Each structure stands twice: as structure tokens, then as C-alpha cells.
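Going by the working numbering, the first residue of the sequence shown is number 883, and it counts up by one from there.
Hints are not guaranteed to be accurate.
Between beta-carbon pairs, the in silico distance windows are [said to hold, decoys possible]:
#1 Ile-1037 / Gly-1105: 28 to 34 Å
#2 Arg-1077 / Val-1053: 17 to 23 Å
#3 Ile-937 / Ile-902: 44 to 50 Å
#4 Ala-1057 / Leu-999: 17 to 23 Å
#5 Pro-995 / Thr-911: 57 to 63 Å
#6 Gly-1105 / Gln-933: 26 to 32 Å
The set of hints was computed from the structure by calculation and includes no laboratory data. Bear in mind the structure is a predicted one, so any value in this text is a computation, not a measurement. We put the CB at the ideal spot given by N, CA and C, even for glycine.
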Amino acid sequence: MAPSSERTLPPSDAISISEIPLSLPPRDTPMPAGHRTLLSLIDSQRPRDAQGKPILPRRRRRRSSGGPTKASGSESEYDHSAEPAAAEEEEEEEEEEEDLVGPLATAFFWAVPLTFLLAAFEVVVHQQYSQDIVYTQILARCAKAFPILLALLRIVHPRRIHWIVQSLFFVFSIAAGCWIVHAANRYAYYNVMKRAPPLGVLWIWAAAEMELGWLVGSCLVVGGWVWWGGYEIV
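Could you put the whole structure together from the sequences, leaning on the hints where they help?
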């Protein structure tokens, strides 16, 4: 007999899920001898130091021969002599070594909007001085600037947290801001058109990379320069 295509209705006395008693398994029941849970298996595979404490993977360092260590689970690939003061530097190095594509992709995604911003500045500065906009020349300058921005971002962006890099951003931001304000008020239009757009892009990049304290300090210095020199920014 062929199976019926009609749906079978549940019996009227069927038990609903709300009527099923639910409870947690007893936790005080002793486990049989030799029983191991998943957590205990993972913990047993962790390398440990002389005191028996587990060594975290972030303390792993490169071998002296170069190249990242292999995850073999042995203690030979871990350095126990690392000082706590070098923990931040080790973490920064490991962030760069996590993925060869990651830092380059990050630099690329930063370089693309900065290049578009450069093109926008080029158009704006030409309109400000009533000059003819030649888009082929603007695109050519942006094409030349893109690999330079990509190289700078690839080198500097992973190390942006270091105080030396922050201080360099701080000094450059002040110098670029003061020069742009001074050039827009004192220099001829040709110098402004040639130098202000790329310098403005680098200024914005430096401001985006700086921490809040460094950024506020640089803005105050540039604002003081504008007030002291009697410049107009509007």
C-alpha cells in the first residue's frame, strides 16, 4: 500500500515540552577512575614552567635562527627569561607576525581613503584660486602618492602606539598645521596649490594616528600660532 500523503495529527493526549521535567545533572557524583573532560585534556597539553604554571602563547618568541616557532607543544619553543618590561614590545611584534596579509591589508584600507582625500583637496584648492581643473593631472598625482602612502602606513601604523612614534606625529602635526596656515595667508597661490594638498593629507593622517592627549596638544599649539601671528583661517 502506498503511504498516505495526508498529515498525521498528534494524539489528543500528547505531552507538551512544558510538561517534561528538566533538571541539571548531579555535580557531586564522583567520576569514575581515569575519566577526563575536554577541559582537562586541553589543560594537560599546555606547556608549563618550572613552577607548574601554564605558559601563555603570547610569551612565545622567535628562535635565534629566525622565523616563528612551530607549535609542537614542547617547552623548548618558549622563552622563560623574558622580562615583564618587554611584554608590550613582544605583543607588538606578535601582532605584526600573526598574519603577513593583515598589516598590508590594513595599510591598503588606510591608503585608499587618504588618496581620495588628496584628490578632493586638489580639486578644492584649484577651485579656491579659480584655476582650471585638469583631472588627468590630479589622477596622476594621486597615483604617484598612493604607493608612498601605502609604504608609510605599512611601516608606521603597526608601531603607532609607541611613544616615539606618537612624539613624531605630534611634531609633524604642529609643523604641518603651522606651515599650511602661514602659506595660505602669505604665499602665492602656486606654492599653496603644489604643497598644501599632500601636506594636508599627511596632517590629517597624523591627527588620526595620535592619541587624544597628543592630538589636543598639537591643536592647541597650532591654534596659538594662528592667534599669535594674526592669521585668518576662514
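These are the hints, each one checked on the structure:
About 30 Å separates the C-beta atoms of Ile-1037 and Gly-1105, a value consistent with the hinted range of 28 to 34 Å. For Arg-1077 paired with Val-1053, a C-beta distance near 18 Å keeps the hint of 17 to 23 Å intact. For the pair Ile-937 and Ile-902, the supplied restraint of 44 to 50 Å holds, since their beta-carbon distance comes to about 46 Å. Distance hint for Ala-1057 and Leu-999: a CB-CB separation of about 19 Å, consistent with the stated range 17 to 23 Å.
Distance hint check for Pro-995 and Thr-911: the Cβ-Cβ separation is about 60 Å, which falls inside the suggested range of 57 to 63 Å. A hinted range of 26 to 32 Å is violated for the C-beta pair Gly-1105 and Gln-933, which are about 55 Å apart.
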